[in-house]
Amino acid sequence: MADKIAFELVSPERLLVSEDVEMVVVPGAEGDFGVLIGHQPMISTVRPGILEIHNEGDEPRRIYVNGGFAEVTGDRCAVMTEEATPVEDMKRAEVEATIKTAEEDLTSAKTDHDTYIIQTRLATLRQIAASASA
Amino acid sequence: MPSLKDLRVRIGSVKSTQKITRAMQMVAASKLRRAQEAVEAARPYSARMERMLGSLGSSLVAQDGAPPLLVGTGNDDTHLIVVATGERGLCGAFNSSIARAARVRIQELQAAGKTVKILCIGRKGRDILRRDFSALIIETIELAGQKAKTFADAQPIATKIRDMFDNGEFDVCTLFYNRFKSVMVQIVTDRQLIPAALPAEGEAESGPDLGNAIYDYEPSEEEILADLLPRNISVQLFQAILENGASEQGSRMTAMDSATRNAGDMIDDLTLTYNRTRQSVITSELIEIISGAEAL
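Protein chains in written order, with numbering that gives the first Met the number 0: chain A, 0 to 133; chain B, 0 to 295.
Chain B with its partners taken away, still in its complex shape (with noise of 0.2 Å):
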């Protein structure tokens, strides 16, 4: 049996841990709606630009000569990961779903034969990946620091990216991320980003219907999709950091309400048992008094 006071001071921790946690969800909840708008002034963009390279490359990845951005270099070799997680730990299972997803996926491509180089965004699936694959990682690119996320911050990765393919130090990427769907439910996504996955026909969200209208292209169609697919990496890589950043916030805060309300469950089987030993010490007391004063 505890003594009364280890007891009190079980209590007195447990609270200020809940002091904590119940702060640290509300300050989620409020980035979370920040993050949230982010996420949506940032669709109707990748959304276009998705429906562009829709009807565009649907019409020229039949063709030779067609930008190895978007056929691939042919080969299926060396796979490059992108792991794109949060900074920071405490919400919920947001690093560690992203981490098993891309973790089973390496072990696939390495059953398979292929090499894989990996590509950390975000401290946290570093740290997890690490513990396996130490060798495969090429290079973390932390985030931190920044509070909204900018277009500017995905370009240089993007750049990273594309010029590592352009020197043949890849043949696939694929980005890793969780998809913000709702605050209870985030979704981990993979997104093939070279050659870049094209909607499939009818799938891609279709704007107005134009009945077929025949689209005048200026320059060609082929300058203008050399010129959308780089472009098409960074929004991708942009879109799914907003993502990120939603989800991160939503399981934070999902994950914090819980720990808050687990810890308030702790504060009350602590406090009957507090309140039992007290009862029985005084009870002990009483009956060493009474029997103190029988013998007399």
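So that you can see chain A by itself, here it is in the shape it has in the complex (with noise of 0.2 Å):
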């Protein structure tokens, strides 16, 4: 296979990942968009979702990220966001508390925009939450 992105995820408390991989699916904003090496510079932001990394031979890793950025260059491939967790490590018990949280959040959203960005992140938490283990 050819060469591979150097892909990081950090969070503002550490640097979750960083590796080299074939690809990585990132959840932007406006569609999920995956990234191979030789990508077009871009910068995008990043919705509440599951970003992807595959690698040859692996099954995909999956992580859930509470929204944030990706910054794209060339040879990198860097996701600067403010939560993650790796979708296996998710409990039921406490997907479904974060839902609890984020339907309260949505009740007193002030902007549509906001409103749209709880939206995307119930969709994901829920779909986490009927897939996890308990």
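Take every hint as true, because none was put in to throw you off.
Quick look at which bits of chain A chain B covers, simulated, 3 or more residues with Cβ under 8 Å:
| # | segment |
| --- | --- |
| 1 | 10 to 18 |
| 2 | 39 to 50 |
| 3 | 75 to 87 |
Below are the DSSO-like pairs computed for lysine-lysine, each with C-alpha atoms no more than 27 Å apart in a straight line:
| # | chain 1 | residue 1 | chain 2 | residue 2 |
| --- | --- | --- | --- | --- |
| 4 | B | 148 | A | 99 |
| 5 | A | 99 | A | 109 |
| 6 | B | 18 | B | 4 |
| 7 | B | 180 | B | 148 |
| 8 | A | 90 | B | 148 |
| 9 | B | 14 | B | 4 |
| 10 | B | 116 | B | 148 |
| 11 | B | 148 | B | 30 |
| 12 | A | 99 | B | 159 |
| 13 | B | 159 | B | 116 |
| 14 | B | 148 | B | 159 |
| 15 | A | 109 | B | 159 |
Rather than coming from a laboratory, the hints here were simulated on the basis of the structure.
Please read all numbers here as calculations on a predicted model, not as lab measurements.
We put the CB at the ideal spot given by N, CA and C, even for glycine.
Reassemble the complex: the two chains are provided individually, in unrelated frames, and hints are given to aid placement.
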């Protein structure tokens, strides 16, 4: 397989992932996009959703990210997010608790944009909850 | 001349003080290591954020209708000074140097006829500034009782600052904190949060050179910036809190180290005096006995 792209996932507290991978699928604000080496440089906002890391031979790793930014520069892809958890580590009870707080946030959301963000987060969380182990 | 008993008591009390300062030094050293790791772990994020802000902001700053978080309200009348200090004392000049820098700035601003509001993060800064500016302090946020500071701690503070800005309560916001350079050196830093201070061209760490590659923006530059700026404030605050945490421990460690050394010197001095006194007491007792025997 061709060259790999240097992928980094950073949260304000630490560097979560820093490795060379084949492809990353980022949940962009305007739709998911896959990043391979040589991608056109771009900056995009990230909506709450699931980020996938693809490596040859391995199952794609799925990480839940709670919104943020992605910066792609030819041979590197950096995703900045405030919260990231591997989907397999998420317990159903925890997810359900997060869903509950998100639902409360939804009622107090001020702008349409906030409502949209919380709704996408809810949708993702519900999806995770449905497949999560108890 | 103090009596022998007094000296013994004093030596005893200095010794127990030394035990305490030595223990504090060791505690600070181990906390410092953790705080330092936290600072270093947080740097990649804020560095990237700053770079992105730099490349986005510089292209938009000149345009009309740029977000006020970036260009300010156009006024310069009311200043919000955010003073981030520690919750505890006994850490050398850590708290007082931040407070001093803030005080100098406040006095300058007042002399220039500006309105100043103060937001304290940490109890110590409030205690010091209250003496001179008690009427200006609008709120104090205490972060005591938490071992590790998380991003979630910085977020409500940032939200509060943003809300105040949106309500037009101030025009310029400056943050004072101690930047951690090394255990011995902490630099009092003032950082302008609103309007966002853009890294000057070329000064920003430019990462891999892209040969001036042009970025695609998705959605538009304005929308990304509108999302980026509020987050930038949280990140800056979080970074400042972490840097402060490491600085506090570093400065406490140095302070306690010299306190331990001073206590050691004092014990040596007192022991010397004690021995001299003891000797002279013995001598004078001997003289008394001998002269008593001679008189018989």
